[in-house]
Amino acid sequence: MLKDLTVRTKSRKIRQAPWTQTDADGEKPLSASRVRAVLGKSSDIVFRDFIMRGAEDIPCSLAVVDGLVDKSILDEFVLKVLMFDLTRQPELIRKLTTASAPKIIMERLAPANEMRQISKLGDALDAILSGDAVLFFGESATALVIGVRAWPNRGVNEPETESAIRGPREGFTETLRINTTMLRRKIKNPSLHFISLKIGTITRTDIVVVYIENLAQQDVVDEVMRRLQKIEMDGVLESGYLEEMIEDSPYSPFPQVHFTERPDVVAADLLEGKVAVIVDGTPIVLVVPAVLARFLQASEDYYERAMVVILVRFIRYLGTVVALLSPSIYIATTTFHQEILPTSLALNVAMGREGVPFPALLEALFMILALEILQEAGIRLPRASGQAIGIVGALVVGDAAVKGGLASPIMVVVIGLTAISSYTIPSYDLGIAIRLLRFPLMILAGTMGFFGIGLGMYGLLIHLVSMRSFGTPYLSPMAPLRIRALLQDTFFRVPWWALKRRPDLLDTDEPNLGGKK
Amino acid sequence: MERISTHQFTMLSAGVLLGTTFFPVAQLAAGAAGRDAWWCVLPAYSSGIPFGLMIYSLMGKYPGKNLLQISEITLGKWAGKLVGLLYILISAYFGALLLSQVADAFRRSVLPFIPVSVYWGGVILLVILLAWGGIEVFARFTEIVFPIIVLGLVATFLLAIPRFEWEEFYPVLGNGLKPVFWGTLKITPFSMEYILFLAGIITFLPTEEQDKRQLKTGIWRSIIIVGVLNTMVTLTEIMVFGPTETQRLNYGVLALGKMVEFARTFAGVESIFMLIWLGAMIIKVGALFFMAFWGMQSVFHIRRQNWKWYFFLGGVFLVLASLPEGGVELLTEITYVDDHLILPFTVSWVLLVWGVERWRKGVSKQ
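Protein sequences appear in the order of chains D and H. When we follow my numbering, the leftmost residue of the first sequence carries the number 1, and every step to the right adds one. When we follow my numbering, the leftmost residue of the second sequence carries the number 1, and every step to the right adds one.
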């Protein structure tokens, strides 16, 4: 199904294309029969026909998608009003004709709070399929859109993937409007703007770009809009689709768009001058620009006291380095550079490896692959089963591997350390990148020792310094050096009372007004 | 047009100026000045300041042009092209020698069995990537790596203190100032290597008035930082090995790394230091690669965004790197190029262009 949805323009030439908004049909003048012709085949589309009394009898038709609308609102404030209440207003009845009906209903009859006139076929289809009701008057080219969207949705829960010991317990949901509301509740400022657009020629997914005027750089906002508007695909079912379409370096393993399920995180990012992209149907919100240091920060860093955060961040950075390099260093040390080990440790390592028939590189690759398999197996299982898999992997397989002579005890320690360290990385995306990069580094270490690790690390550094995320260098504030941002909120976080100025990481339009006072 | 900030310029200058000079600096200075070798370093580096300021003054008159392009204007097209060709040859050959030194340093210290071509190929690949990324990427790379190199050198110094033999320090200037003068002359080409780089990089520097003042300070700062660092390295080697042994050691800093010991637990951490020194090697070879490429752009008007020229130049580096044998022969060759090509070429070129420009200015005033 997914494959069908993402068929691009090229393949349309060889098969029947579905109806799309970009087709000329969308611009055609509106009429009830045209809408019926397009939507009438679907069983979930309901056309409620009735006669409205006026100077003449007006045949009306109310089109909705069953399940996407609040039927009680429709019954109470639309159908009842037009079919029964109207009969008690003879003055209005005399004025009511097919041509005047939309205006009179909007202004004097229906007490619905969201209502607008439309006259294009595409607008009507969009409105119906998005959950609004559309009221047609005979074959008139004018119809009324009545906002009655309501569908079952998941409540606001704490996001499971970003749980925090301290901080709000609410997470975004799959409903776009609930998500925008959560942000509006946090930032009650007229400068907070939500710009809507639709992406996906078939799915017509609602997207909202959020930013705070004068804090976000207008260039960045324009660039986000430009990249989003350029997207031409059949469907957007998750924000990950957009992430890949708007990132700067598509072939990089590093994430360049930050994503989160937490409204407090998005609000904090908006206050730093960043731009968020909310996609209907997913609780994952994208935030740009994103620099590497951002992926090593967590929302709690700003809720805990600064001294604690300094320690936590240090552990996180250390954990990232250990997760990336420890297997490679083990391989390089045992294969090429035994001289850096103290004699007693070197003897222990040698004794541990005595019965292992493989070189250190193969031994480590085998163990790391086993770790990856265990992680992947555990991640999609129910929580209890996942834990069991983890325990089985760590205790049984690890122990069996050592006893069976497949791996040395120190190798198991190294792998365990690597696995635990990788959990200190707050960003799942960055964690994946680190897991991926471990393999080439291990191969380099196994073939060229520390020189290989050096090549790999410097190569990685060149890659990182050449990357940008929406114009912001990826390694900022380290390179190019932004000393204040580096000292205030990168490796350390100074206390809130010392954060008098916004970090100039993004060169926000108002860098001196103080964002984190 | 790419532009780097004044801070990036300072870091890049310091990174290129330091490069891998901490390997031979003590050996060369001690060869001429004995135990007073550490006196030579700062004056030798300072000799680059007037030349840097000359280029800086020309930059103001010809904004957006490098010294090669300025030479074509001041000395005439063909003389300018000839200078450009010499610039390319010197940069490429010296860069290749330093590339060869990477393999030599690793093979003589921590990884003797890996083929030299692996070292050359690995480093040149990274250098090509850097050059392809452009000067902004190179500047950002140096911004990260240079402080690590400084930390590495400072750590080497601090960890070597327990092995200092304090009697090696005295007598200070026991043989007078003459050996110090000869020692200074021996290391002066190091600063001229940087002047050649400066001749090419000026097109990428900021042009605002305030930035210009900071650029001037950047030249001073980088020369003093590197001068102090290399003085520290030289002093450490003299104090640990004594002047005679310092003269003999080709890679004194590596020998220092080998002697490091933490609390009788970790020893022989030279392989970890080699990781850091590799960064210095990449910066230096990268700078010379950039220089050769700028030369080719100025003389042959090649396009920047064309992979084939990068690989062509990389190939030239690899071929030239394979010419000298390692060890003493390689170091002799590097010293020879420094003394007999880089020093005279840089001094005469910069003085000539600057002099002609001044003379023209005088004539036009009259």
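The set of hints was computed from the structure by calculation and includes no laboratory data. These numbers were taken from a predicted model, which means no experiment stands behind them. Every residue gets a Cβ at the ideal spot worked out from N, C-alpha and C, and that includes glycine. Don't take every hint at face value.
Quick partial rundown of chain H residues pointing at chain D, CB under 8 Å, derived from the structure [said to hold, decoys possible]:
1) Phe106
2) Ser109
3) Pro112
4) Ile114
5) Val137
6) Ile144
7) Ser271
8) Leu278
9) Ile282
Derived list of chain D stretches under chain H, where covered just means 3 residues or more per stretch with a C-beta under 8 Å from a C-beta of chain H [claimed, not checked]:
10) 142 to 151
11) 439 to 451
12) 454 to 467
Residues from chain D shown here face chain H by an in silico Cβ test under 10 Å; the list is partial [said to hold, decoys possible]:
13) Thr87
14) Gln89
15) Leu92
16) Tyr317
17) Gly319
18) Glu339
19) Ile340
Okay, the hints, checked on the actual structure:
1. Phe106: Status holds, d = 6 Å.
2. Ser109: Violated. Min distance 10 Å.
3. Pro112: violated (10 Å)
4. Ile114: The hint holds - Ile114 of chain H has a Cβ within 8 Å of chain D, the shortest such distance being about 6 Å.
5. Val137: holds (5 Å)
6. Ile144: With a minimum Cβ separation of about 5 Å from chain D (threshold 8 Å), the hint on Ile144 of chain H holds.
7. Ser271: holds (5 Å)
8. Leu278: Holds. Min distance 4 Å.
9. Ile282: Check passed: Cβ of Ile282 of chain H comes within 6 Å of chain D, closer than 8 Å.
10. 142 to 151: violated (count 0)
11. 439 to 451: holds (count 4)
12. 454 to 467: Result for this restraint: holds, n = 10.
13. Thr87: Where the cut-off is 10 Å and the nearest Cβ of chain H is about 75 Å from Thr87 of chain D, the hint is violated.
14. Gln89: violated (72 Å)
15. Leu92: Check failed: Cβ of Leu92 of chain D comes no nearer than 69 Å to chain H, outside 10 Å.
16. Tyr317: violated (14 Å)
17. Gly319: At 20 Å from the nearest chain H Cβ, Gly319 of chain D fails the 10 Å test, so the hint is violated.
18. Glu339: holds (4 Å)
19. Ile340: holds (6 Å)
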